[in-house]
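With chain A held as given, fit chain B onto it using these hints.
Top line first, the protein sequences correspond to chains A and B.
Going left to right, the first sequence walks through residues 1 to 182 as the numbering used here numbers them.
Going left to right, the second sequence walks through residues 183 to 652 as the numbering used here numbers them.
Hints may be right or wrong, so weigh each one.
When the alpha-carbon atoms are kept at most 20 Å apart in a straight line, the in silico SDA-like pairs for lysine to any residue are as follows [as the list claims (entries may be wrong)]:
1. K127/A - L403/B
2. K220/B - D147/A
3. K127/A - M417/B
4. K396/B - N137/A
5. K396/B - F136/A
6. K127/A - K646/B
7. K646/B - P174/A
8. K396/B - P134/A
9. K646/B - L78/A
Hints listed in this document are in silico derivations from the structure and should not be mistaken for laboratory results.
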Amino acid sequence: MAHEHAAPTLHGLMAEFENADALVAATNRARLEGYRHMDAYSPIPIEELTEALALPRTRLPMLVLLGGILGGAGGYGLEYWSQVIAYPLNVGGRPFHSWPHFIPVTFETTVLGAALAAFVGMWALNKLPMPYHPVFNVPAFARASVDRFFLVIESTDPRFDRHATQKFLEAQHPVGVSEVAP
Amino acid sequence: MAEALDHPHDPLAGMSTDGLRTPAVIAPGHDFNSVTDKIAGIVLTKRTPIGWFFGFAIAFAFLLLLNLTIGKLLLEGIGIWGNNVPVGWAFDIINFVWWIGIGHAGTLISAILLLFRQQWRTSINRFAEAMTLFAVACAAMFPLLHTGRPWLAIYWLFPYPNSMTLWPQFRSPLIWDVFAVSTYGTVSLLFWFTGLVPDLATLRDRAESPVARKIFGVFALGWRGSARHWHRYEMAYLLLAGISTPLVLSVHTIVSFDFAVSVLPGWHATIFPPYFVAGAIYSGFAMVMTLAVPLRKFYHLEDFITMRHIHNMTKVMLVTGMIVAYGYVNEAFFAWYSANPYEGYMMLNRMTGPYAVFYWSLILINALMIQLFWFRRVRDNVALLFVLSLFVNVGMWLERFIIIVTSLHRDFLPSSWDIYTPTRWDFAMFTGTIGLFLSLFFLFIRFLPALAMFEMRTIVPEAKLQGDHH
Chain A
1 MAHEHAAPTL HGLMAEFENA DALVAATNRA RLEGYRHMDA YSPIPIEELT
51 EALALPRTRL PMLVLLGGIL GGAGGYGLEY WSQVIAYPLN VGGRPFHSWP
101 HFIPVTFETT VLGAALAAFV GMWALNKLPM PYHPVFNVPA FARASVDRFF
151 LVIESTDPRF DRHATQKFLE AQHPVGVSEV AP
Chain B
183 MAEALDHPHD PLAGMSTDGL RTPAVIAPGH DFNSVTDKIA GIVLTKRTPI
233 GWFFGFAIAF AFLLLLNLTI GKLLLEGIGI WGNNVPVGWA FDIINFVWWI
283 GIGHAGTLIS AILLLFRQQW RTSINRFAEA MTLFAVACAA MFPLLHTGRP
333 WLAIYWLFPY PNSMTLWPQF RSPLIWDVFA VSTYGTVSLL FWFTGLVPDL
383 ATLRDRAESP VARKIFGVFA LGWRGSARHW HRYEMAYLLL AGISTPLVLS
433 VHTIVSFDFA VSVLPGWHAT IFPPYFVAGA IYSGFAMVMT LAVPLRKFYH
483 LEDFITMRHI HNMTKVMLVT GMIVAYGYVN EAFFAWYSAN PYEGYMMLNR
533 MTGPYAVFYW SLILINALMI QLFWFRRVRD NVALLFVLSL FVNVGMWLER
583 FIIIVTSLHR DFLPSSWDIY TPTRWDFAMF TGTIGLFLSL FFLFIRFLPA
633 LAMFEMRTIV PEAKLQGDHH
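Bound-form chain A, shown alone (with noise of 0.2 Å):
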């Protein structure tokens, strides 16, 4: 690889796994043993992972929030202004800011707002679209997606020592155990 001078020579060690107990009992016994940098790969989400790799709560509901609060806002404040401000209209001898009228659109607004903060906001956190990952460059990974089971101890964590963490992982009773290049 052409950046192979300047990047660190692995990005970690990966264990292969047959099903998802025993990737939550090792993912469980990496955190024990002091692991931190480190992910689990699945082909379907598993809720104890959360606590086995020890995540923090998302922050994806309070963007969702803000993102419905825009939107309402946006909605109403574009109907008062243009209503009342912009365009003020006699509609039937109704008041200008005939507030009732306005909550519908407001209310689709706030949705459409809600769900855009929920949809950007994940895929951002996540930090997808990702056109690169080293991950990928084990060919045993393409079963992440049908039905194997990953845990990737990285490079970077202050713990991973080529030798130790091989063999921490091979202790787990993973179906392989294969260096991640970088």
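Relative to the frame of chain A, chain B by itself:
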């Protein structure tokens, strides 16, 4: 095997038929691989079934008819349609409401049933959501083309600073409708695409052709199944479901406001919002049934779309259909109870006027025929259910025809009464959108996973954690 199939969320979900009368949501004996193979195989196969080409060709012919009709419409104007004063709204709005209503079942299945942890939604949500998107696309066409020249209509539909400094009239339900439908379309698309991403990653990893791998790869966004990603993904999915639930109820409510906010007898009724929402879900489930029955038969998906799904869909149709029937009774009751001569005549005209045959047909279908769904023997007969679901589609179309046409053609002033007859272009446009809908659906089945693979994996026994990890 049977006891291993149960799921942490729903102890009844995986039970086999012995001992219980409820069939399983997935046939026993499946694991991650068999589920993935079966569903991905439909997309990744090199051999497209000959029946697919046959079906697509018919659908595409109708799509071409739609193109022809739109061309003629743009050249000559909306005079090619049969609607004219006093029936200013006819096929365009009938079909709009019909299509939008059909879409509602997709969102109900994907969002509301998710919140209620109805596990049986898992095998039908993906194609039901696709159905929603395509139905909304068909629906949106009608009001847009009814403007005659849609490219000139944009300034009173959408608020944007234009050179005339004009703004849309936000006191009109028609503008609420623009916001409701465009929000609905957008949110449905986001929800659908979010659900697709992990499956696109599976297709990327399994595709043999380098071109397919590239294309699936781009749309999979580099998804790698990381636990950190899943964590936020599940949260986003749940939030989108929570947001979509009030949204789907609001959309048909606002569609009903198009009528209910006016002062026309037959439209000006407070029952309209719940009556429309129930009707939407009822017709939508009928369309899901219409699509699911051939899909499971021709692609041999009986293991995934089981009798449990067929039964549940039938029961939803029965319940929502009876709410709709209550709406009919309510309309008739208030026509009498209001003691208003215009309201009374509207109802009499529906029952005995020139369109009475349509009124009684819809009563026959939507109120009487659906009583068949009470019987288990009917619910077990898939072929019969397919035919009945087609009738429900027709019945709900007739309902909109009756609501719109009979209310308009004889209103307050007898001197302006008239009879509405659709032209051949009305029918061409309607069947054309059916062609568009089916063409999109055929393409969807061929090129995208019609069932949600990653969600299907979560309901096989393999997905259940055995040990205590706490």
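Here's how the hints hold up against the structure:
1. A hinted pair counts as satisfied when its Cα atoms are at most 20 Å apart, and K127/A with L403/B qualifies at roughly 10 Å.
2. A C-alpha spacing of about 14 Å is found between K220/B and D147/A, which places the hinted pair at or below 20 Å, so the restraint holds.
3. The straight-line distance between the Cα atoms of K127/A and M417/B is roughly 16 Å, inside the 20 Å bound, and the hint therefore holds.
4. At most 20 Å may separate the alpha-carbon atoms for a hinted pair to count; K396/B and N137/A meet this at roughly 16 Å.
5. Taking the CA atoms of K396/B and F136/A, the gap is about 14 Å. The hint holds against a cut of 20 Å.
6. A C-alpha spacing of about 29 Å is found between K127/A and K646/B, which places the hinted pair above 20 Å, so the restraint is violated.
7. Distance restraint check for K646/B and P174/A: the Cα-Cα separation of roughly 19 Å lies within the 20 Å cut-off, and the hinted pair is therefore satisfied.
8. With a CA separation close to 17 Å, the supplied pair K396/B and P134/A stays within the 20 Å bound.
9. Pair hint K646/B plus L78/A does not hold up; C-alpha atoms about 50 Å apart against a cutoff of 20 Å.
Of the hints listed earlier, those the structure fails to meet are numbers 6, 9, in rising order.
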